[in-house]
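Chains as they are written, first to last, in our numbering: chain X, 1 to 275; chain R, 1 to 49.
Just so you know, the hints here were simulated from the structure itself, not pulled from any lab data. There may be inaccurate statements among the hints.
[Stated by the list, open to error] What the simulated footprint calls covered on chain X by chain R, stretch by stretch (three residues with Cβ under 8 Å from a Cβ of chain R suffice, anywhere in the stretch; the number is not a length): (1) 39–48; (2) 212–223.
[As the list claims (entries may be wrong)] Partial chain R-side listing against chain X, Cβ under 7 Å, derived: (3) Pro4; (4) Ile7; (5) Thr10; (6) Lys29; (7) Phe30.
In this text the structure is predicted, and so the values were computed from the model without any measurement. Cβ coordinates follow ideal geometry from the N, Cα and C atoms, glycine included.
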Amino acid sequence: MRAGSLLIALLTSGCLASIDGGPPRLFSIAEESAVARVRLADGENAYYARTAQTVLVRNEIITGRMRAADSYYYEFEAGLIRERQQLGFLSSIVSIGLSGAVPLVYAEGTKNILGAASSGLQGATKAFSDEVLFQKTVQVLATQMRARRDAVAAEMIKKMKTLTLEDYPLSMALGDVDEYYAAGSIAGALIEIQKTVSAKADDAEALKLEAIQVRFSAVTDLGKRIRAFWRSSPANKRRAEDWVENNTPFGSLPIFLRQNATPLYQRMINELNIP
Amino acid sequence: MPKPNEITMTDIPDADLQELLDEMKEEGKFDVVSKTKNNGTWTVKFKRK
Chain X
1 MRAGSLLIAL
11 LTSGCLASID
21 GGPPRLFSIA
31 EESAVARVRL
41 ADGENAYYAR
51 TAQTVLVRNE
61 IITGRMRAAD
71 SYYYEFEAGL
81 IRERQQLGFL
91 SSIVSIGLSG
101 AVPLVYAEGT
111 KNILGAASSG
121 LQGATKAFSD
131 EVLFQKTVQV
141 LATQMRARRD
151 AVAAEMIKKM
161 KTLTLEDYPL
171 SMALGDVDEY
181 YAAGSIAGAL
191 IEIQKTVSAK
201 ADDAEALKLE
211 AIQVRFSAVT
221 DLGKRIRAFW
231 RSSPANKRRA
241 EDWVENNTPF
251 GSLPIFLRQN
261 ATPLYQRMIN
271 ELNIP
Chain R
1 MPKPNEITMT
11 DIPDADLQEL
21 LDEMKEEGKF
31 DVVSKTKNNG
41 TWTVKFKRK
């Protein structure tokens, strides 16, 4: 435990540059934000006073706000990654479980957010059950946030370049800025992940749960040729069944053979070279 | 293509029922859930294994 205490002291004192992870900034985020706030307030006042209501001013206000969101986002993201690294480093050395290591992380708020995020992704019973899960959770969230921010930014840039003030007024653009901000939040990432997972689950469910009702029809001569091919060898059996699965809604060759589906039978015979 | 999880086939004549059931067994993808006879023909419900 002495080694663990030493590492904790090193980390909390900020002596490990590789874990701090990045070059210093010329201006702190607080300094840049203060300047941006004044400029944006002046710009927006002029815009709404109609003394400077142009596309150029609108775009400058929007990009100024995006730039401010970027500054905060990158610091937030760096904090997530840094805490992930510190956590992994510490827990592997001092051989403590993740639940024990979490209180060592600096930011209490972030720790709580990550706890909630991990629970949201994996279910409450598995949350923080191991370090790998925690690290993967952070990685997935960071990737999702970046992807969503890029998508929202691309859409906004397109609108700024192509739409007039009438079509894309500043108020509407500020709504998009809010979306851009939300895309870089844990909550936004979780919602996007949930949407993706839900869509895939719905697709899978729709494919799996399909129930059909069909009427019997006697097997035709074409159907008998297909059946003979189906029974001729294990390889042909598999080919025929795969073809029916992939090209018909019946899901079963014996059912398919009792549908009098002449055009489909002919197509199958041609495609599989059935004698 | 959607893959049915359940298939219900209606109007199966007596003479054709056993052959269908044998082929479904040979294919090995679906189990018989129920068989009912109405007005002289069979209705069979299959469920994917």
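Against the structure, the hints come out as follows:
no. : hint    : result
1   : 39–48   : violated (count 0)
2   : 212–223 : holds (count 6)
3   : Pro4    : holds (4 Å)
4   : Ile7    : holds (6 Å)
5   : Thr10   : holds (5 Å)
6   : Lys29   : holds (6 Å)
7   : Phe30   : holds (6 Å)
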